[in-house]
Amino acid sequence: MRQRVLVLIIGLLVVSVTSAIAVLAYMSRQATIRSLREQQDALTQFAVGTVELGVSTGRFGTVQKFLSDLAANPLFAGAIIYDADSDVLLSVPDDFEIPSSVEQEALTTGGSVVAGDLAYQAEALEDQGEVIGYLLLAVSFESINREARGALVVTALVGFLILLPVTIIIAWILTWMEKRLRERELRLAEVNREIEIMLNNLDEGIFTFSPSGTVNAQHSSRARQLFGIMDFENATFSQIFDTDHDTIAEFQQWLALVSTPRFLANWEHFEQLNPIRELISEGDGRPRIITVRYRPIIEDDSLKRIMVLASDVTDQREAEAALNASKRDRESEMARILSLVQNDRSSLDGFLEEAKQHADRLLTIESLAGTSDDDWTDLCRDLHTLKGNAGSFGFTELESIAHRLEDVIASVREGKEAQESAKWNEERDELLAELDRIEEVRKRLYSSGHDRMGIDRRGYERLLSEIRDDELTDTREIQRQLWNLDALPFATFCERYQRILELYRQRHDARIDDLQVDTPDQSIHRTFCDVFDDCVMHLVRNALAHGIEKDEVREAKNKGPGLIRIAYEESAETAQITLSDNGGGIDPEAIMRIAVERRIITEEEGAALSEDERIELIFRSGFSTQAEANDISGRGVGMDAVRTQIEEYGGTIALDSQLGEGLTVTLTVPKNAVR
Amino acid sequence: MAHKILVCDDSMFMRQKIKQALQDAGYEVVGEAETGVEAIAKYQELAPDLVTMDVVMPEMSGVDAVHEIMRGDAEACIVMCSALAQKKLVTDALQAGARDFVVKPFDDSQLLSAVERALQ
Chain B
1 MRQRVLVLII GLLVVSVTSA IAVLAYMSRQ ATIRSLREQQ DALTQFAVGT
51 VELGVSTGRF GTVQKFLSDL AANPLFAGAI IYDADSDVLL SVPDDFEIPS
101 SVEQEALTTG GSVVAGDLAY QAEALEDQGE VIGYLLLAVS FESINREARG
151 ALVVTALVGF LILLPVTIII AWILTWMEKR LRERELRLAE VNREIEIMLN
201 NLDEGIFTFS PSGTVNAQHS SRARQLFGIM DFENATFSQI FDTDHDTIAE
251 FQQWLALVST PRFLANWEHF EQLNPIRELI SEGDGRPRII TVRYRPIIED
301 DSLKRIMVLA SDVTDQREAE AALNASKRDR ESEMARILSL VQNDRSSLDG
351 FLEEAKQHAD RLLTIESLAG TSDDDWTDLC RDLHTLKGNA GSFGFTELES
401 IAHRLEDVIA SVREGKEAQE SAKWNEERDE LLAELDRIEE VRKRLYSSGH
451 DRMGIDRRGY ERLLSEIRDD ELTDTREIQR QLWNLDALPF ATFCERYQRI
501 LELYRQRHDA RIDDLQVDTP DQSIHRTFCD VFDDCVMHLV RNALAHGIEK
551 DEVREAKNKG PGLIRIAYEE SAETAQITLS DNGGGIDPEA IMRIAVERRI
601 ITEEEGAALS EDERIELIFR SGFSTQAEAN DISGRGVGMD AVRTQIEEYG
651 GTIALDSQLG EGLTVTLTVP KNAVR
Chain Z
1 MAHKILVCDD SMFMRQKIKQ ALQDAGYEVV GEAETGVEAI AKYQELAPDL
51 VTMDVVMPEM SGVDAVHEIM RGDAEACIVM CSALAQKKLV TDALQAGARD
101 FVVKPFDDSQ LLSAVERALQ
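Sequence order for the protein chains is B and Z.
Numbering follows my numbering, in which position 668 of the first sequence is assigned residue number 668; successive positions increment by one, without gaps.
Numbering follows my numbering, in which position 15 of the second sequence is assigned residue number 15; successive positions increment by one, without gaps.
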């Protein structure tokens with residue numbers, strides 16, 4: 001558009017320059033014409049004179065020659081000659097009529113001329129005596145005009161020829177400029193398109209508005225979706241934000257405030273005052289939560305535009321809510337575990353039994369309306385007891401459900417039965433579900449039959465804080481760590497064997513050192529305690545009864561007090577207990593003899609066995625080196641039972657006997673078989 | 001020389017908290033006011049360099065007090081202390097000439113940066 005105007009202006013300029021040149025040329029021609037007229041005047045005088053002379057000498061032929069020469073002059077229009085001798089009036093050319101102006105001219109110079117009827121009077125000339133002819137010369141103005149026109153055309157042509165290339169060059173330059181302009185326009189359009197594509201691919205709804213409050217047309221396609229607006233350029237804030245007049249007024253007020261340089265400098269701080277920072281977009285389907293942020297676009301230190309960035313945070317909020325819910329669930333679960341592990345089993349059993357009875361009574365109430373006052377009193381008492389006990393045992397969730405049920409009863413008694421009925425059922429079901437959950441955890445924790453978990457309190461607190469701080473979110477990992485918490489120091493596990501040892505020492509007054517636990521701080525999971533417990537118990541008893549010699553024997557051998565050592569080790573795959581004593585070890589010969597005696601093998605078979613094979617005989621069913629079971633060595637459980645139990649778990653039992661010096665028994669169990 | 005500050009809040013706890021934070025940062029708290037009316041009187045009397053102004057106070061609101069103080073002293077430097085729900089009132093106060101704001105509950109650093117910005 002602009003280029004066209006430019007071309008038009010330049011075209012007009014060219015035309016006016018050309019016209020001006022033509023006008024100037026015309027004016028200069030007019031001057032030429034004026035000078036020619038003057039010349040003509042002079043020529044008339046001159047011609048008259050010449051003819052007088054020519055004719056007076058009687059050389060008429062000369063006159064004719066002169067005339068024909070004169071006729072060749074483009075200025076010559078015609079002539080009239082009077083021949084006094086023959087009284088003839090000649091006109092050249094024959095039809096030449098004297099123009100009145102010329103006649104006037106001639107008269108002023110002294111003659112009288114009558115044109116048309118050829119009656120010519122030349123008194124003035126005759127007065128001069130010798131004049132025999134008179135010539136009137138007329139100049140053709142037409143020819144001059146023709147010439148002037150010609151000159152004009154030539155000037156215009158020359159001007160045109162000079163101006164044409166200039167015009168062409170200008171036109172070319174203009175075209176070139178226009179082309180460049182168009183290229184730039186295209187490039188700009190391309191960039192705009194790229195921006196648009198970019199905008200449209202953003203997950204954020206973006207549009208901009210100016211501080212005066214006008215919304216700009218450009219926006220991301222997501223913005224259309226989030227705000228439900230198709231035409232941003234003509235949209236108002238109340239349409240875009242779908243909000244009431246007051247909020248928009250506040251928004252405008254905020255806009256005016258942040259447009260000032262002082263507040264602009266701390267945009268993020270003052271953005272907090274924006275009244276529209278979150279929207280609920282109804283749209284189609286479920287409502288979406290949209291957060292809106294505002295970013296300033298600053299040019300030359302002043303606010304040029306404000307960019308609106310809107311994001312749909314519905315999913316995020318839901319995920320957060322779900323995460324919080326699952327976190328709450330985990331915490332409740334932890335609280336249940338803690339309550340269970342903190343209280344001894346018998347009182348817990350009592351509490352849970354009573355709680356179940358209360359719950360069962362709740363179930364017998366079918367309709368809240370039909371409940372008598374006495375029943376209400378009972379119910380309230382039940383719930384109150386339940387609430388109090390749950391609180392003292394640390395079952396906070398159970399406590400709060402009981403509390404809510406009490407509230408429901410209070411409402412019902414105030415006569416709000418109708419709307420409370422559903423709530424009653426809901427809370428009652430929740431109470432039953434919570435009891436089930438507690439029961440489930442209890443079963444998990446007490447499956448091993450221990451009265452009280454030896455849970456590592458510090459480890460538990462650490463785990464709880466990790467869960468609360470979201471450092472630990474994987475439930476499987478939480479379960480694993482929970483599982484790990486159900487462990488105790490190996491020294492604690494070994495206390496029971498120490499008691500056996502002490503009992504033996506007291507009864508037999510034997511010189512035996514305390515049980516030496518080599519790995520007291522190594523933690524052992526309750527599951528492995530269960531796996532190893534009976535076996536270790538048996539091995540300790542064996543060591544006391546058969547391994548460690550009587551005091552007198554030891555003294556004779558110059559051996560110190562008896563000693564039993566125990567160690568527990570875990571690798572990634574296995575759990576291992578090593579029990580050793582400094583007794584007499586296993587005598588292969590003695591073992592073989594007993595085996596033959598008890599008809600486990602024949603004498604021949606025994607003779608054929610190697611030392612190790614003979615030692616292995618202690619694992620045979622029916623082998624027992626002592627005739628009677630006593631208080632220490634147990635109730636007829638032999639080494640075969642130990643091996644059977646360990647092998648049940650896919651484990652192994654290894655003996656390392658040094659005759660006269662002691663025996664080391666190693667029990668190894670693969671972890672995965674247990675867990 | 002330490003800037004002189006007037007603390008206006010109807011809650012004694014809040015006044016104490018603000019005062020402590022300001023004094024710890026080296027400001028001089030020259031006075032305290034419990035109402036908007038008191039704030040105006042104390043402002044005229046003490047001519048402090050800065051005022052911290054609660055939005056909701058008995059007798060006269062913080063916003064009205066800002067109007068009144070600004071009318072007497074166009075150069076007055078006021079920082080609003082508000083709850084989150086009082087956006088509109090804070091905006092009004094800023095429009096009336098208050099320089100900055102801080103949202104309760106705030107920690108000391110938030111208060112101090114608002115005060116520093118306002119004093120610039």
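If you're looking for bench data, these hints aren't it; they were derived computationally from the structure.
There's no promise every hint is true.
The calculated DSS-like cross-link candidates involving lysine-lysine, where the alpha carbons are at most 30 Å apart (straight line), are [said to hold, decoys possible]:
{"#": "1", "chain 1": "Z", "residue 1": "Lys104", "chain 2": "B", "residue 2": "Lys327"}
{"#": "2", "chain 1": "Z", "residue 1": "Lys19", "chain 2": "Z", "residue 2": "Lys4"}
{"#": "3", "chain 1": "Z", "residue 1": "Lys104", "chain 2": "Z", "residue 2": "Lys42"}
{"#": "4", "chain 1": "Z", "residue 1": "Lys17", "chain 2": "Z", "residue 2": "Lys104"}
{"#": "5", "chain 1": "B", "residue 1": "Lys304", "chain 2": "Z", "residue 2": "Lys87"}
{"#": "6", "chain 1": "Z", "residue 1": "Lys42", "chain 2": "B", "residue 2": "Lys304"}
**OP:** Could you tell me which of the numbered hints above are not met by this structure, giving the numbers in increasing order?
**Re:** Violated hint: only 6; rest satisfied.
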